[in-house]
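Undergrad: Keeping their order, the protein sequence lines are chains A, B and C.
Heads up: the first sequence is residues 3 to 633, going by the working numbering.
Heads up: the second sequence is residues 620 to 958, going by the working numbering.
Heads up: the third sequence is residues 315 to 519, going by the working numbering.
Check each hint, because a few of them may be wrong.
As the list claims (entries may be wrong) - So the derived label-pair ranges between C-beta atoms look like this: (1) Gly945(B) - Arg79(A): 49 to 59 Å; (2) Ala413(C) - Phe307(A): 36 to 46 Å; (3) Lys703(B) - Ile393(C): 51 to 61 Å.
What the hints assert, rightly or not - The list that follows gives simulated cross-link-like pairs (lysine-lysine, DSS-like), each with its CA atoms no further than 27 Å apart: (4) Lys404(C) - Lys24(A); (5) Lys27(A) - Lys43(A); (6) Lys582(A) - Lys24(A); (7) Lys24(A) - Lys528(A); (8) Lys24(A) - Lys43(A); (9) Lys784(B) - Lys736(B); (10) Lys582(A) - Lys404(C); (11) Lys582(A) - Lys482(C); (12) Lys582(A) - Lys43(A).
Bear in mind the hints are in silico, worked out from the structure with no lab data behind them.
Just so it is clear, CB atoms sit at the ideal spot from N, CA and C, and this is done for glycine as well.
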Amino acid sequence: MNSSKTQFAELQQTDELEQTWKEPKGFLGSLAVVGHKEIGKRYIVTAFIFLLLGGLEALLMRLQLAFPENTFLDPGRYNQIFTTHGTTMMFLFAVPVMEGMGIYLVPLMVGTRNVAFPRLNAFGYWMYLAGGLFLYAGTFFHALPDAGWFAYPPLSGPQFSPGKGVDVWAQMITFTEVSALCVAVELIVTILRMRAPGMTLNRIPMFCWSMLVQSFMIIFAMPAVMIASSVMLLNDRTIGTHFVNPAEGGDPLLYQHIFWFFGHPEVYIIFLPALGMVSSMIETFSRRHLFGYPALVLALVANGFLAFGLWVHHMFATGLPQVGEAYFTAASMMIAITSGVQIFCWLATLCTGRLRTTTALHFVFGFIFIFVLGGLTGVMVASIPFDLQAHDTYFVVAHFHYVLIGGALFPLFGGFHYWFPKFTGRLMDERLGKCSFWILFVGFNLTFFPMHFLGLGGMPRRVYTYSAGMGWELPNLLATVGALTIAVGGIVFIANVMRSRRHGEIADPNPWEGASLEWEAASPPKSYNFPRLPAVDNLWPAWDDISKRTVIEGLSDDRREILITSLNAAEPHHRHTLPKPSIWPFVTTLGLGIGLTGSVIAFSWYYVAAALGAIGFIGWFWPRRPLEFTS
Amino acid sequence: MRRCTLPFLFFLANIAFGQQSALDPAGPQAGRIRSLESLLFGISVVIFVGVIGTLAVALFRRRRGIQQEPLESTHRPSAQTERKLLVVVSSLSAVSLLILFALIVVSVVTGREISIKSLPRDSLVVEVTGNQWWWSVRYLDDNTQRIIVTANEIHIPTGRPVVIKGTSHDVIHSFWVPNLHGKRDLIPSRVNTEWIQADRPGRFRGQCAEFCGLQHAHMAFWVIAEPPAQFEAWRRQQLQPAAEPSDPVRLRGQQVFLNNACVLCHTIQGTTAAGQNGPDLTHFGSRQTIAAGTLPNTIGNLGGWITDPQTVKPGNHMPQVPLAPGDEQPLLAYLEGLK
Amino acid sequence: MTEARVLYVGHLPDQEVSNHGPLWFGQVLLCCIEGMMLCMLIAIYFYLRLGVDVWPPPGTQLPSTPVPTLALIPLLLSIVPTYIASAGAKRNSRVLMLAGLAGNLLFAAVFLGFRYLEWRSFNFTWQTDAHGTIVWSILFLHTFDLVADLVMTFVLLVIIAIGRYGPKQRTGVHVDSVVWYFLVAIWLPLYAVIYWGPHVVGAGR
Ligand code: HEA
Ligand code: HEA
Ligand code: CUA
Ligand SMILES: [Cu+2]
Numbered sequence: 003m004n005s006s007k008t009q010f011a012e013l014q015q016t017d018e019l020e021q022t023w024k025e026p027k028g029f030l031g032s033l034a035v036v037g038h039k040e041i042g043k044r045y046i047v048t049a050f051i052f053l054l055l056g057g058l059e060a061l062l063m064r065l066q067l068a069f070p071e072n073t074f075l076d077p078g079r080y081n082q083i084f085t086t087h088g089t090t091m092m093f094l095f096a097v098p099v100m101e102g103m104g105i106y107l108v109p110l111m112v113g114t115r116n117v118a119f120p121r122l123n124a125f126g127y128w129m130y131l132a133g134g135l136f137l138y139a140g141t142f143f144h145a146l147p148d149a150g151w152f153a154y155p156p157l158s159g160p161q162f163s164p165g166k167g168v169d170v171w172a173q174m175i176t177f178t179e180v181s182a183l184c185v186a187v188e189l190i191v192t193i194l195r196m197r198a199p200g201m202t203l204n205r206i207p208m209f210c211w212s213m214l215v216q217s218f219m220i221i222f223a224m225p226a227v228m229i230a231s232s233v234m235l236l237n238d239r240t241i242g243t244h245f246v247n248p249a250e251g252g253d254p255l256l257y258q259h260i261f262w263f264f265g266h267p268e269v270y271i272i273f274l275p276a277l278g279m280v281s282s283m284i285e286t287f288s289r290r291h292l293f294g295y296p297a298l299v300l301a302l303v304a305n306g307f308l309a310f311g312l313w314v315h316h317m318f319a320t321g322l323p324q325v326g327e328a329y330f331t332a333a334s335m336m337i338a339i340t341s342g343v344q345i346f347c348w349l350a351t352l353c354t355g356r357l358r359t360t361t362a363l364h365f366v367f368g369f370i371f372i373f374v375l376g377g378l379t380g381v382m383v384a385s386i387p388f389d390l391q392a393h394d395t396y397f398v399v400a401h402f403h404y405v406l407i408g409g410a411l412f413p414l415f416g417g418f419h420y421w422f423p424k425f426t427g428r429l430m431d432e433r434l435g436k437c438s439f440w441i442l443f444v445g446f447n448l449t450f451f452p453m454h455f456l457g458l459g460g461m462p463r464r465v466y467t468y469s470a471g472m473g474w475e476l477p478n479l480l481a482t483v484g485a486l487t488i489a490v491g492g493i494v495f496i497a498n499v500m501r502s503r504r505h506g507e508i509a510d511p512n513p514w515e516g517a518s519l520e521w522e523a524a525s526p527p528k529s530y531n532f533p534r535l536p537a538v539d540n541l542w543p544a545w546d547d548i549s550k551r552t553v554i555e556g557l558s559d560d561r562r563e564i565l566i567t568s569l570n571a572a573e574p575h576h577r578h579t580l581p582k583p584s585i586w587p588f589v590t591t592l593g594l595g596i597g598l599t600g601s602v603i604a605f606s607w608y609y610v611a612a613a614l615g616a617i618g619f620i621g622w623f624w625p626r627r628p629l630e631f632t633s
Numbered sequence: 620m621r622r623c624t625l626p627f628l629f630f631l632a633n634i635a636f637g638q639q640s641a642l643d644p645a646g647p648q649a650g651r652i653r654s655l656e657s658l659l660f661g662i663s664v665v666i667f668v669g670v671i672g673t674l675a676v677a678l679f680r681r682r683r684g685i686q687q688e689p690l691e692s693t694h695r696p697s698a699q700t701e702r703k704l705l706v707v708v709s710s711l712s713a714v715s716l717l718i719l720f721a722l723i724v725v726s727v728v729t730g731r732e733i734s735i736k737s738l739p740r741d742s743l744v745v746e747v748t749g750n751q752w753w754w755s756v757r758y759l760d761d762n763t764q765r766i767i768v769t770a771n772e773i774h775i776p777t778g779r780p781v782v783i784k785g786t787s788h789d790v791i792h793s794f795w796v797p798n799l800h801g802k803r804d805l806i807p808s809r810v811n812t813e814w815i816q817a818d819r820p821g822r823f824r825g826q827c828a829e830f831c832g833l834q835h836a837h838m839a840f841w842v843i844a845e846p847p848a849q850f851e852a853w854r855r856q857q858l859q860p861a862a863e864p865s866d867p868v869r870l871r872g873q874q875v876f877l878n879n880a881c882v883l884c885h886t887i888q889g890t891t892a893a894g895q896n897g898p899d900l901t902h903f904g905s906r907q908t909i910a911a912g913t914l915p916n917t918i919g920n921l922g923g924w925i926t927d928p929q930t931v932k933p934g935n936h937m938p939q940v941p942l943a944p945g946d947e948q949p950l951l952a953y954l955e956g957l958k
Numbered sequence: 315m316t317e318a319r320v321l322y323v324g325h326l327p328d329q330e331v332s333n334h335g336p337l338w339f340g341q342v343l344l345c346c347i348e349g350m351m352l353c354m355l356i357a358i359y360f361y362l363r364l365g366v367d368v369w370p371p372p373g374t375q376l377p378s379t380p381v382p383t384l385a386l387i388p389l390l391l392s393i394v395p396t397y398i399a400s401a402g403a404k405r406n407s408r409v410l411m412l413a414g415l416a417g418n419l420l421f422a423a424v425f426l427g428f429r430y431l432e433w434r435s436f437n438f439t440w441q442t443d444a445h446g447t448i449v450w451s452i453l454f455l456h457t458f459d460l461v462a463d464l465v466m467t468f469v470l471l472v473i474i475a476i477g478r479y480g481p482k483q484r485t486g487v488h489v490d491s492v493v494w495y496f497l498v499a500i501w502l503p504l505y506a507v508i509y510w511g512p513h514v515v516g517a518g519r
């Protein structure tokens with residue numbers, strides 16, 4: 003009687019919500035999509051494609067290096083390949099994939115219906131896609147960059163790198179950084195102002211904390227790389243400025259300072275979201291509250307601050323004043339504390355929980371093994387005298403693949419298995435999953451462990467070949483075999499995804515008994531995420547009795563209305579209507595893309611970019627009726 | 620834990636005694652860095668084993684199951700356990716902090732010891748200039764008559780400190796002889812100084828460590844440490860201008876050299892060849908390699924190099940100079956005779 | 315089902331035009347980004363200055379200070395109409411918004427006129443040397459930002475003038491004022507560095 007009536011009302015209401023929040027269909031519709039789940043998925047899928055491309059490039063490099071004096075690739079080709087490998091992995095894979103996870107998960111975790119600026123979000127994705135296509139389009143115009151992923155001048159300058167490759171690289175950075183900055187802005191506002199009522203600062207899930215800190219780091223670090231690449235490098239190349247030209251008072255080291263002022267935070271920008279994923283998975287799979295939540299949050303924040311104080315450790319061999327050196331050694335080593343505290347807290351949680359050894363937890367264990375090893379070699383190279391030997395050798399290559407792959411990719415793969423049922427409504431196959439884990443784990447160590455010895459044995463990085471008799475043959479061969487093994491692991495992983503997407507076991511909303519709000523939404527979530535927005539009163543809402551959940555009433559269902567809460571205590575503050583789908587972000591990107599592409603040829607194209615961009619933005623913000631509810 | 624222990628040990632030995640290895644120090648700086656490395660390595664191993672051991676414990680405890688604690692309902696172990704964890708975690712963090720302090724102190728002290736400020740008196744000063752993709756070497760002396768210019772090979776006396784003043788002529792390179800010292804970047808418009816010393820005679824390979832373009836891989840050089848007397852002998856010989864060819868074939872070779880494009884780029888003291896774009900060839904015959912360590916210096920290799928430098932070292936800045944038929948052999952003989 | 319407790323929010327205000335809206339927050343973050351860019355340029359300025367003995371390099375005139383200093387007057391005054399516009403937006407007063415936005419544009423135009431004069435008087439370009447490079451870069455970036463914001467201001471003026479506006483557009487006016495405050499504020503250190511820097515740290519002449 004009564005209950006059937008309420009059920010009917012509820013159905014009607016979810017129908018209306020669906021009408022309001024559904025994303026447009028069709029080709030044109032797909033260009034206008036602004037939903038965070040759709041865009042998050044696009045980020046993730048695009049980034050994985052770039053991982054495959056970057057991985058393919060890695061395989062080519064490894065094949066070339068398998069034997070001494072190999073002639074599989076000529077030197078010019080090799081230089082292009084390692085440059086695009088590094089660039090793709092850092093700018094087109096690692097950062098965007100983390101952004102994608104954040105865009106998908108954060109609104110679910112904080113209990114709202116979309117990110118704060120949905121159109122900006124769409125714009126960010128288009129800019130990212132444009133940047134990636136722009137770089138790879140260089141393949142067809144003999145314009146691939148070949149000066150390394152940090153493109154030091156004078157080598158990357160007009161005199162020693164003629165051609166358009168480096169210009170393409172520099173402007174690709176502009177695209178991807180604009181995208182990262184958009185995501186950072188909207189995630190910060192989403193996390194700070196759109197949390198479920200009751201989700202005070204100390205009830206924010208760890209993953210959201212990590213995205214928050216990461217986003218702030220992006221805001222303060224990414225401008226530096228835009229200055230380095232598109233102001234200093236590009237203008238020196240195209241219009242004859244003298245930022246790095248010593249003959250006219252410029253300085254090549256200036257570029258290095260500015261680049262690494264970004265470059266060091268960049269590696270933590272990649273790494274922090276991964277830490278957030280690890281925290282989420284450990285909490286779920288050890289079935290206990292995460293030990294030391296305040297310490298973990300503090301460690302993340304401290305990591306964010308400290309990361310801006312150690313860029314010089316990439317420049318130890320340039321010959322700096324000694325006082326500076328002591329400071330930068332100290333700072334670089336101290337950052338080990340923030341990682342250490344997190345490792346200790348996780349170990350404590352794992353030791354006292356009741357583990358469920360899923361594939362995801364396998365990846366977490368793999369993460370701890372590999373990342374700690376890579377972190378320790380990081381502490382080794384933070385010691386200047388030792389770094390003078392290790393710098394620019396395969397020891398550093400080993401270090402950063404340990405921390406990047408171990409510290410970011412393994413958690414990402416784990417997270418992918420963990421949230422896959424949320425993304426698709428189906429579970430991934432555990433047997434295949436564990437199988438891919440072991441192949442990846444063994445292949446990874448086989449590839450990169452020998453590189454430590456190569457580095458100490460004198461092999462510099464970025465060499466396209468080496469002579470026989472240096473003692474480098476065997477480790478190089480092992481590394482190549484390892485890389486092929488990783489590829490096999492990758493194929494198993496892909497096969498698992500493809501299979502599970504269609505035939506995987508159906509997942510209910512909370513298959514792992516996770517604690518945070520995303521597990522209360524349906525799997526996959528409806529376009530509106532939650533039929534009624536939730537309110538929470540602790541850090542583990544999904545571990546409470548869901549039927550007793552406080553829900554929010556009074557938001558309109560016929561427009562995209564959400565609740566803005568106060569920054570600190572997350573008290574309801576006012577209602578806010580989010581914009582509808584729009585094609586303008588795409589159009590704007592198109593305009594900017596044309597202008598920025600032209601700018602590698604002549605500076606005046608910036609004016610084209612500005613004009614087309616302005617047209618795009620005006621179209622974007624032009625009021626449409628009914629006026630109250632547009633954006 | 621460590622798979623493939625055997626091969627690792629095998630190539631470890633292989634690498635450690637290779638021609639170019641930071642694991643086999645031959646001078647005070649490399650030695651100090653090697654000890655620092657052992658310390659860092661030892662500490663890292665201990666920490667790593669500790670972490671992995673704890674992980675193993677976590678797995679093991681899972682097998683046993685910890686029914687004693689009411690985890691299922693509250694998701695929280697007993698308050699007592701939490702307190703214990705707090706103590707353990709904070710003391711581990713404190714210990715880490717102490718270890719890091721110690722490492723900072725040791726690093727800074729080692730850094731002082733190997734820095735240019737710790738330079739003993741009576742040193743030899745060598746100016747090294749990086750070029751795409753070869754090294755120009757000048758032995759400085761107050762007496763300008765006694766300045767030696769050579770390339771891709773640095774002779775040093777054992778037991779005596781040698782100051783390296785490094786700079787670059789084009790892009791950034793990095794001077795690195797792992798057996799003697801860490802690396803130092805050679806940056807255009809800047810001069811970076813460091814000092815090295817070999818404690819025993821030997822040949823130590825060095826290689827450019829900063830990516831510098833197409834032939835970064837083939838930008839090596841050799842440091843040859845000899846007892847002081849032998850070094851002096853070498854120096855005396857290098858101070859001489861190039862030997863005048865005595866036999867007609869070599870004389871002919873000299874003419875070939877002087878009448879072709881070679882003079883535009885190469886210097887041979889005592890002749891009119893004074894080009895600056897390529898390595899000084901005054902005593903080329905006494906050097907052990909061709910083209911920055913790319914090939915051993917034999918007459919066959921030299922022939923290959925001169926007839927087709929772009930195949931030997933693709934992209935390098937020496938063009939293929941067309942020679943009249945019959946000119947090649949005399950030229951080679953002449954160059955090899957430049958002892 | 316019916317056990318669920320309910321938090322009713324229907325009485326809360328809708329679309330506030332204030333410093334609490336997401337848009338305001340986002341705009342402040344964008345200002346942080348732009349501020350970071352300009353701070354990097356200031357850092358570059360001093361780094362380059364430390365690299366040479368004579369600053370600005372011989373042959374480059376010391377930047378004149380009267381015109382840029384005079385230009386500060388319209389710039390600082392432009393804050394008043396900007397404030398009026400944002401007050402108008404909060405109060406939903408079309409007149410105030412129109413007056414404020416127009417005043418903002420007017421003062422900004424005067425300022426840009428001064429900027430044009432001072433810029434024209436340089437006897438160096440970005441190609442002259444490192445000093446020229448960094449001074450031109452700072453001026454270019456800041457001018458670009460100013461013009462971009464003025465275009466936005468103009469568009470808002472048109473929107474308000476034709477009356478096609480609701481709370482979102484008023485929020486736009488409010489947020490636009492935030493950008494303008496930022497651009498005015500960031501100019502003060504930039505002005506000090508470009509025009510007074512050489513007089514203060516320009517040893518060697
Ligand atoms: C995800 C990315 C990532 C992460 C997390 C790190 C983490 C660290 N990195 Fe790494 N680094 C890179 C990515 C990363 N790095 C990249 C890409 C490069 C090369 C760029 C290029 O040249 O192309 C690089 C290069 C690089 C250099 C320059 C080397 C050179 O070029 O000569 C240095 C030098 O100091 C360094 C140091 C460190 C340190 C001290 C940490 C620390 O944060 C590590 C801290 C972690 C631990 C130490 C382990 C856990 C801690 C404990 C178990 C506590 C107990 C430990 C102790 C008491 C020691 N890194
Ligand atoms: C997140 C970052 C990231 C990741 C994941 C990787 C992954 C890998 N990297 Fe890379 N690497 C960098 C970041 C990264 N790298 C950076 C920043 C540099 C420095 C560049 C520079 O110096 O400028 C570098 C440099 C670098 C070098 C040094 C080059 C040199 O100095 O000369 C080497 C050499 O072995 C290498 C190898 C590898 C290998 C074997 C992998 C493997 O793990 C890759 C494994 C992945 C795959 C194999 C993909 C799966 C492929 C398939 C499934 C095949 C099917 C494909 C299709 C259907 C299209 N990398
Ligand atoms: Cu010279 Cu690398
Ligand atoms: Cu770093």
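Undergrad: State for each hint whether it applies.
TA: Cross-check of the supplied hints:
1. Gly945(B) - Arg79(A): 49 to 59 Å: 38 Å, violated
2. Ala413(C) - Phe307(A): 36 to 46 Å: For Phe307(A) against Ala413(C), whose Cβ atoms are near 44 Å apart, the range 36 to 46 Å holds.
3. Lys703(B) - Ile393(C): 51 to 61 Å: Between Lys703(B) and Ile393(C), where Cβ atoms are some 60 Å apart, the hint holds.
4. Lys404(C) - Lys24(A): 32 Å, violated
5. Lys27(A) - Lys43(A): Judged against 27 Å, a Cα distance of about 16 Å means the pair holds.
6. Lys582(A) - Lys24(A): 10 Å, holds
7. Lys24(A) - Lys528(A): Holds: Lys24(A) and Lys528(A) sit about 9 Å apart, inside 27 Å.
8. Lys24(A) - Lys43(A): 16 Å, holds
9. Lys784(B) - Lys736(B): Holds - the C-alpha atoms of Lys736(B) and Lys784(B) are around 14 Å apart, at most 27 Å.
10. Lys582(A) - Lys404(C): The hint holds at about 24 Å.
11. Lys582(A) - Lys482(C): 13 Å, holds
12. Lys582(A) - Lys43(A): 19 Å, holds
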